Amino acid sequence: MKNQNIDSRPAGPKPWYDPQVRSIFFQIVAISLVFWAGWTLVDNTLSNMESRGISTGFGFLGESAGFGIIMHLIPFDATMSYGRTFFVGLLNTLLVSAMGIVTATIIGFVVGVARLSTNWLVAKLALTYIEVIRNIPLLLQIFFWYFAVLRNLPSPRQTMDVGDWLFLNNRGLYMPEPFAQDGFGLVYGALTVAIIGTVALRRWSRKRQLETGEIFPVFKVGVGLIVGLPVIAYFLAGQPLQWEIPELQGFNFGGGFVIIPELAALWVALSLYTASFIAEIVRSGILSVSKGQTEASKALGLPANLTLRLVVIPQAMRVIIPPLTSQYLNLVKNSSLATAIGYPDLVAVFMGTTLNQTGQAVEVVAITMAVYLTISLLISLFMNIYNRAVAIKER
Amino acid sequence: MKNTKSIAVGAVMLCSVFTASVASAATTLESVKEKGHLQCGVTTGLPGFSQPDDKGNWTGIDVDTCRAVAAAVFGDPKAVQFTPLTAKERFTALQSGEIDMLSRNTTWTLTRDASLGLNFAGVNYYDGQGFLVKKDLGVDEASQLSGATICIQAGTTTELNLADYFRAKGMDFKPLVFDTSEQTVQGFASGRCDVLTSDRSQLAALRSKLAEPDSAKILPETISKEPLGPVVRQGDDQWFNIVKWVLSVQINAEELGVSSSNVDDMLKSDNPNIQRLLGTDGDMGAKLGLPDDFGYAIVKGVGNYGEMYNRNVGPDTPLGLDRGLNALWTEGGIMYAPPVR
Numbered sequence: 223m224k225n226q227n228i229d230s231r232p233a234g235p236k237p238w239y240d241p242q243v244r245s246i247f248f249q250i251v252a253i254s255l256v257f258w259a260g261w262t263l264v265d266n267t268l269s270n271m272e273s274r275g276i277s278t279g280f281g282f283l284g285e286s287a288g289f290g291i292i293m294h295l296i297p298f299d300a301t302m303s304y305g306r307t308f309f310v311g312l313l314n315t316l317l318v319s320a321m322g323i324v325t326a327t328i329i330g331f332v333v334g335v336a337r338l339s340t341n342w343l344v345a346k347l348a349l350t351y352i353e354v355i356r357n358i359p360l361l362l363q364i365f366f367w368y369f370a371v372l373r374n375l376p377s378p379r380q381t382m383d384v385g386d387w388l389f390l391n392n393r394g395l396y397m398p399e400p401f402a403q404d405g406f407g408l409v410y411g412a413l414t415v416a417i418i419g420t421v422a423l424r425r426w427s428r429k430r431q432l433e434t435g436e437i438f439p440v441f442k443v444g445v446g447l448i449v450g451l452p453v454i455a456y457f458l459a460g461q462p463l464q465w466e467i468p469e470l471q472g473f474n475f476g477g478g479f480v481i482i483p484e485l486a487a488l489w490v491a492l493s494l495y496t497a498s499f500i501a502e503i504v505r506s507g508i509l510s511v512s513k514g515q516t517e518a519s520k521a522l523g524l525p526a527n528l529t530l531r532l533v534v535i536p537q538a539m540r541v542i543i544p545p546l547t548s549q550y551l552n553l554v555k556n557s558s559l560a561t562a563i564g565y566p567d568l569v570a571v572f573m574g575t576t577l578n579q580t581g582q583a584v585e586v587v588a589i590t591m592a593v594y595l596t597i598s599l600l601i602s603l604f605m606n607i608y609n610r611a612v613a614i615k616e617r
Numbered sequence: 139m140k141n142t143k144s145i146a147v148g149a150v151m152l153c154s155v156f157t158a159s160v161a162s163a164a165t166t167l168e169s170v171k172e173k174g175h176l177q178c179g180v181t182t183g184l185p186g187f188s189q190p191d192d193k194g195n196w197t198g199i200d201v202d203t204c205r206a207v208a209a210a211v212f213g214d215p216k217a218v219q220f221t222p223l224t225a226k227e228r229f230t231a232l233q234s235g236e237i238d239m240l241s242r243n244t245t246w247t248l249t250r251d252a253s254l255g256l257n258f259a260g261v262n263y264y265d266g267q268g269f270l271v272k273k274d275l276g277v278d279e280a281s282q283l284s285g286a287t288i289c290i291q292a293g294t295t296t297e298l299n300l301a302d303y304f305r306a307k308g309m310d311f312k313p314l315v316f317d318t319s320e321q322t323v324q325g326f327a328s329g330r331c332d333v334l335t336s337d338r339s340q341l342a343a344l345r346s347k348l349a350e351p352d353s354a355k356i357l358p359e360t361i362s363k364e365p366l367g368p369v370v371r372q373g374d375d376q377w378f379n380i381v382k383w384v385l386s387v388q389i390n391a392e393e394l395g396v397s398s399s400n401v402d403d404m405l406k407s408d409n410p411n412i413q414r415l416l417g418t419d420g421d422m423g424a425k426l427g428l429p430d431d432f433g434y435a436i437v438k439g440v441g442n443y444g445e446m447y448n449r450n451v452g453p454d455t456p457l458g459l460d461r462g463l464n465a466l467w468t469e470g471g472i473m474y475a476p477p478v479r
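The listed protein sequences correspond, in order, to chains A and B. So for the first sequence, the numbering used here puts the first residue at 223; every next one is plus one. So for the second sequence, the numbering used here puts the first residue at 139; every next one is plus one.
Since the hints were made in silico from the structure, they are not lab data. Here the structure is a predicted model, which means the values were calculated and not measured. Keep in mind that a hint or two might mislead.
[As the list claims (entries may be wrong)] Cβ-Cβ distance ranges computed for the label pairs, FRET-style:
#1 L362/A to L463/B: 41 to 51 angstroms
#2 L295/A to S353/B: 44 to 54 angstroms
#3 Q471/A to D278/B: 13 to 23 angstroms
[Claimed, not checked] Incomplete in silico selection of chain A near chain B, CB under 10 angstroms:
#4 R373
#5 G478
#6 F479
#7 G564
Positions of the beta carbon are idealized from the N, C-alpha and C atoms, including for glycine.
Please model the complete structure; the sequences and the hints are all you need to start from.
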């Protein structure tokens, strides 16, 4: 008994009173509850579907689809599998999203800068654009472009055309499609050389500017190189491109490259709508740069365009990037409104026809949700990397 | 302690949520009786089959099929509530129990019958797929349609038949797929597509919706078999039998010359077939879990198959469809029902 007294240190709390033990215990309980709930959901769904005679599993992805799709970036016909329809839909979604992100960014930046213009008319026009476009539901705008504008184009037989090579009618915008002939490799080669040359030139001029302060017009020379060299190579190689001109064949134009009205309407509506939000983000970014910065760069003798490019925009980007990311995510997710006008995106093709023909709703919806989640997370990831690059470096 | 208590309560609530979905074992007939009405899935609007009229009452041959089931169960053809569904939504609505039966001109196919957990309870309209084209295109037969842009409704067997037909003929086409039949008509009317394809019965209805119905015509070819009929969930044989036999009773009633106008007189008939049909003899209703006079209620409330056909899609309606395949087997058609005995 005495020995025990000697050994005993000031007794810690009992384990169920120890805050650390308690917190670990409750975290384990919480996690197991989450897992149990998830497992029960999946298990319940599977056993209920089985007892009701509904097929489950992903075997259907290998079966042949048996339906056609109007627009496919990879070869597709009705003999190919349901899995293939997934990729056709996915690529169509990615296409319209990428096109939308590019144009929305360009329009958004232009309008955002115009909104701050000292020119009264330009500023008010930008303001009107933003307020009108961002306050009308996107679906209505898609319907407007699709039903009110593009549907009213003439039929293929009364098509509008520009010089017998560009045709616009209610089936789409038809453009000549180039096919590379022998010798076109030279043009690619010239383009590669020009790009490498421009990068090298930029490094050299940086270094020279740091050492001597002399400025070299890298941008102009770079553009000259990248455009000029391939053009020279093209003519040297004897114009190795053949253009396939679209022409009226029966009901529709055949040959050439076509943008269908469904794609055009969705693209225009998504771009204009998202651009109105981006414009406000750009404006807030520019206004966040304190006036002292502009005044200081003017005092150093920098002209207005350099002030904007070298002083204001880089600092504004820090404010712009995070909300811009959410606009990009919105655009990708909004592209699923495609199904309202018959553009064959992932939701229309895979969650529409494929789901209906196979009846495997749970699998198809799960796959589709996983895809949108992945696309969104990837965009977030890239934008975060970019954000880290432009963020303030604390030294 | 408060925290642990609320966690425990949360866990109990979660449990009940997750187990509730398993425990709903009541039969469809019981749950329909308990609700006091039948919940029936129909189209979002297709003249002759299921469409609300100008007073908001649903009418059509598919709607009458629902009403006949309601008449059999409740003796009241009005004890139905309708759920409008697009082609894409219909099977999920039935699988999930949102509706008790689906009567939405749905084609009976092997895949649907075997892999969706559904049962087709018969055929209330024998149809086939056809093409609607603008007259000014100068097309007279389907084999001239190579390269055409074709409007289709999403999630239908038409999508598959179309691809099959063009593939077999070695022709190509551009399918433009919309969610509702309204949109396909718009696409066709505005000239976005050259051809509209659907079941022939629908083509007549959709053509009548055009601003100038005479500017379009239906091509002579029928490229597929489309037996349309009511659908129920798999695993409830009693309910499956009820829907199946309600339709059979209607067809048998026409065959036996029993109609809504003479059904009261027919109660006194000494023809044993009619007696069994109307429940004046035997216990046919009890075998199905229905009142014995369910046959009388159907014919009195909705009419026999021929009445239902003529009222909704027959020659005197805007659709003006001849009986054709849908005539009784005794009159050159294939409408044939097993005997009530």
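So which of those numbered hints doesn't the model satisfy? Per hint list: 2, 5 and 6 violated.
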